[in-house]
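2 protein chains.
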Amino acid sequence: MKEISGGVTAPQGFRAAGMHCGIRANHDKKDIALIASDCLCAAAGVYTKNLVKAAPVYKTMANLANGRAAAIICNSGNANACAPRGADNANSTCLAVGAALGINPDDVIVASTGVIGQELNMEPILKSLLPLTAALSTTGGGEAAEAIMTTDTVKKEIALEFELDGKTCRMGAMAKGSGMIHPNMGTMLCFITTDAAVAPAALQRALSAAVKKTFNRVTVDGDTSTNDMAVCLANGMAGNAEVMGDSAELSAALLTVCTHLARAIAADGEGATKLLECTVRGAESESVAEMLAKSVVGSSLVKAAMYGSDANWGRVMCAMGYSGAPFDPATATLSFESAAGSVTVYSGGEALEFSEEEATNILSQKEVAIVVSLRAGGGEATCWGCDLTYDYVRINGDYRS
Amino acid sequence: MKEISGGVTAPQGFRAAGMHCGIRANHDKKDIALIASDCLCAAAGVYTKNLVKAAPVYKTMANLANGRAAAIICNSGNANACAPRGADNANSTCLAVGAALGINPDDVIVASTGVIGQELNMEPILKSLLPLTAALSTTGGGEAAEAIMTTDTVKKEIALEFELDGKTCRMGAMAKGSGMIHPNMGTMLCFITTDAAVAPAALQRALSAAVKKTFNRVTVDGDTSTNDMAVCLANGMAGNAEVMGDSAELSAALLTVCTHLARAIAADGEGATKLLECTVRGAESESVAEMLAKSVVGSSLVKAAMYGSDANWGRVMCAMGYSGAPFDPATATLSFESAAGSVTVYSGGEALEFSEEEATNILSQKEVAIVVSLRAGGGEATCWGCDLTYDYVRINGDYRS
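Chains as they are written, first to last, in the working numbering: chain X, 1387 to 1787; chain R, 1387 to 1787.
For the record, the hints were derived by calculation from the structure and aren't laboratory data. None of these values were measured; they are calculated from a predicted model. Some hints here could point you the wrong way.
Any copy will do: because identical chains look the same in the list, a pair fits if it lies in one copy or spans two.
[Said to hold, decoys possible] No more than 30 Å apart at the CA atoms, straight line, and that leaves these computed lysine-lysine pairs for DSSO-like: (1) LYS1553 / LYS1599; (2) LYS1435 / LYS1599; (3) LYS1598 / LYS1435; (4) LYS1553 / LYS1388; (5) LYS1388 / LYS1598; (6) LYS1415 / LYS1513; (7) LYS1752 / LYS1599; (8) LYS1388 / LYS1752; (9) LYS1415 / LYS1752.
Using the sequences and the hints given, assemble the complete structure.
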């Protein structure tokens, strides 16, 4: 498995484009993306668990029910959630994309991201479809990835090559997500393409398993969005024998892609100055480890301390304590780690002496790991988040985003 | 029932004092409080649900197991949680207070609040007991309330008179809490005194019921503390016939006292500029209403929008959607209310037109209510929180608190 360039257009038979259509006032910000496969794909999706779901989420769930799709349309600047005529507008978008590409509108995946509660302006979307379709290209992955950004400060994409059945397959992906990010979802917006041949049921199982260990272990602010979805299209053009069951290679590729994007989303959390990674080892089960690690990266007090590069480890113990997961504080060992080194601050029920200067230096790096070892079993999990900063408040307090 | 002055020393037979003993470096900040009853009291307590509990919480749980207590000692500046010799130090504190007051050390309630993970320095505590005992006075409630403050910016106390069995009874209370405040606890530090005669079991039931509807409906930052406790002492000096079962008057007095302090804690949340109150009506049950309202006041995105006085109601719908509680968005009506008026922004599944200027004016007040009406039943609950501000980040990022 090796990383390559090209994002969602790295796999054979996928073209993409992104442009400004006018949903946003700012002409410099692309606001619509289209991804199209040259043939019908096996398709799988996971969706937000939020009870208040955006209209495009419902539409995509319906269109993916048969495990097939051929194109993805996504706008930024408006979430089409709790919005007048939401279902009609999601439906019209699919009809128009189907007509523009000459495909069945039920094979179109539709997604939106942006402000909740405002009617989606259909005119710029409909007007954009002709130029957008004309712009589709096998090198358009990067432009599409730019077009779905909202408060994201960096474009998030990845592509890689892997072997299946002696054939070289490719997988590409793009994602957006910066605020309203919290575990318990099929998360944020993430679109994955691959030219591997995979049966829909096998693709769904592999995608769900990868999301569980990656996007569902990210939190920025504890707010689960109304619009989250992660979708994978597999068009089979690599020529491998169709994957019908579990494939270690496919699962590894999906896990690599989703881990990369999950970390990128956490690192680019609204206002974030650093990526937080919490790993809990030795828990009585993986799910216990996950609950403990999620609670740590989700704690406002831990996040604020990390912003201040303050080794306030009591807040880590506190957050594990209220996680709802069982553990024995007397057996816990707690360390902070980064590129600048490692410091153990608590072990066996005892606070340890440590150098505050050394700890501050370790915590001042761009990526900081909080590592907890227990002695209750083999359960391990890593969750990701970011620090809580003045800029998070500015971004979310100063204007409607 | 009428409000009176005097805090925890308003009821007959209670004396209190607060002073600086030296746990904190700042000589201007009182850091130890003592409350003593002239006779043994019926006593009830509720405690943090955090699995990581501070040593004084365990000690108080043990000492209150027999439903009796006579004094409360509380220091600020050090939480005595995850700290070396924590249990020994909580125990020594009770022994020393018992000796200083001439009472059984098992009748002493001990509480601590401050930094987690540092050893409690016993010398200033032990040295303070003689002057603290000498300073005990029937007008010392205010000084005691000051001594338990940490990041609190205002002293939180209340007292009132009520009738039981034809006798005038008094109830006084003090509380602290500003950060590490989140529902699911017996919460923060709150000490309530009353001269009513109440059997321990009846007092425990009434206190638990009041806490459930007040402190357990407050959140500042989603972090449940290791040191929370709410304790009530009833010394019987009002001369009423002992309350053995449910008393509407006693319950009303406790609810009034706890509601006042819960609101005071939310309004004084770390960095807060305004009190948020979310009321959900017409839910299928009270517990559903509570889950929905708690999720709204706990949402970082709602809190940041309220800081910016931004009527971003989509975030309110989103927070209810991920609360885990069932409701039908199509039947929801959503309004913002304050002293400046009321604006309805969403009703029957539809976004409503409203004046942004009017909404901003309503949201710019010191107390803002988010009111949600459903049409699913008679369940109603109110939860309290505060806005998320730059100062929350400053307070929790810039130094170990």
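Inset, instruction - Compare the structure with the hints numbered earlier in the document and write down the numbers of the violated ones, lowest to highest. - result: none
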